[in-house]
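Asks: Sequence:
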Amino acid sequence: MGGNWLVRGGSAGTNVPGVFALTRPDGYQLSTDPARLDLDRVHRWLSTDAYWAIGRERDTVERAFAGSIGFGVYRPGDGRQVAVARVVTDRATFAWLCDVYVDRAERGRGLGTWLAGAVRDHLAELGVRRIVLATADAHGVYAKIGFTPVEPDRWMEFDQRVNRVTGKDQPAESPLTVEA
Numbered sequence: 001m002g003g004n005w006l007v008r009g010g011s012a013g014t015n016v017p018g019v020f021a022l023t024r025p026d027g028y029q030l031s032t033d034p035a036r037l038d039l040d041r042v043h044r045w046l047s048t049d050a051y052w053a054i055g056r057e058r059d060t061v062e063r064a065f066a067g068s069i070g071f072g073v074y075r076p077g078d079g080r081q082v083a084v085a086r087v088v089t090d091r092a093t094f095a096w097l098c099d100v101y102v103d104r105a106e107r108g109r110g111l112g113t114w115l116a117g118a119v120r121d122h123l124a125e126l127g128v129r130r131i132v133l134a135t136a137d138a139h140g141v142y143a144k145i146g147f148t149p150v151e152p153d154r155w156m157e158f159d160q161r162v163n164r165v166t167g168k169d170q171p172a173e174s175p176l177t178v179e180a
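Residue numbering for the sequence shown follows full-length UniProt numbering, starting at 1 and increasing by one per position.
By construction, these hints were calculated from the structure, which means they are not laboratory data. Treat the hints with caution; some may be incorrect.
To be verified - In silico DMTMM-like links for lysine to aspartate or glutamate, alpha-carbon gap of 25 Å or less:
#, residue 1, residue 2
1, 144, 26
2, 144, 121
3, 144, 49
4, 144, 106
Unchecked claim - The following label-pair restraints were derived from C-beta to C-beta distances:
#, residue 1, residue 2, range
5, 66, 143, 27 to 35 Å
6, 94, 135, 26 to 34 Å
7, 40, 110, 19 to 27 Å
8, 62, 96, 26 to 34 Å
9, 77, 152, 41 to 49 Å
10, 158, 27, 18 to 26 Å
Keep in mind that this is a model prediction, so the values were computed, not measured. We put the beta carbon where it would ideally sit given N, CA and C, even for glycine.
Take these sequences, add in the hints, and give me the full structure.
Replies: Structure (structure tokens):
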């Protein structure tokens, strides 16, 4: 993301230590300042409109953002939050980009691509060399900024969510369980 698309500085919390902030030429601001995140709004977006988080509890959203880097995008003028992304990372080698959401009324302005690109750039500044994400419907957005599909023969996961075949809860069996 370069040139005139991103403008560093501005009033988006740039004087707050440890906060990453950007302002687009059209006035949209991005900030990692946790105090600016509207978690009520984020919870509503995720729990009612984001296919991967339908029904997510408010407490879960709070805990997830408390343990992650939250990126908020704020509208020019009134400063209302219009997009969000969350990054789970060690801030050294690896990051998982998740909970990326742009308010339906703000879509079509390039905010999702801008947000994901800013996340990528910020993590690169920290030295993070690998970022992963999962999406069912936004491959094109992420491809624009350099994301590519992962190799299925290299990546594995341990998933304790609902069984995707039966639709029922599937608790994991521990290999450490010893029967008497």
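Asks: Taking the hints in turn, state whether each one holds.
Replies: For each hint, the structure was consulted:
For the proposed pair residue 144 and residue 26, the alpha carbon gap of about 20 Å is at most 25 Å, so the pair holds. Annotation: proposed proximity of residue 144 to residue 121 holds, straight-line Cα distance about 14 Å (limit 25 Å). At roughly 24 Å between alpha-carbon atoms, residue 144 and residue 49 fall within 25 Å of each other, so this suggested pair holds. Straight-line distance between C-alpha atoms of residue 144 and residue 106 comes to about 19 Å, which keeps the hinted pair within the 25 Å bound.
The supplied range of 27 to 35 Å is met by residue 66 and residue 143, whose beta-carbon atoms lie about 31 Å from each other. Our hint of 26 to 34 Å for residue 94 and residue 135 is violated, since their Cβ atoms are close to 18 Å apart. About 26 Å separates the C-beta atoms of residue 40 and residue 110, a value consistent with the hinted range of 19 to 27 Å. Our hint of 26 to 34 Å for residue 62 and residue 96 is violated, since their Cβ atoms are close to 18 Å apart.
Separated by about 45 Å at the C-beta atoms, residue 77 and residue 152 satisfy the suggested range of 41 to 49 Å. As the Cβ distance of residue 158 to residue 27 is approximately 43 Å, the hint placing it in 18 to 26 Å is violated.
When each numbered hint is compared with the structure, violations occur for hints 6, 8, 10.
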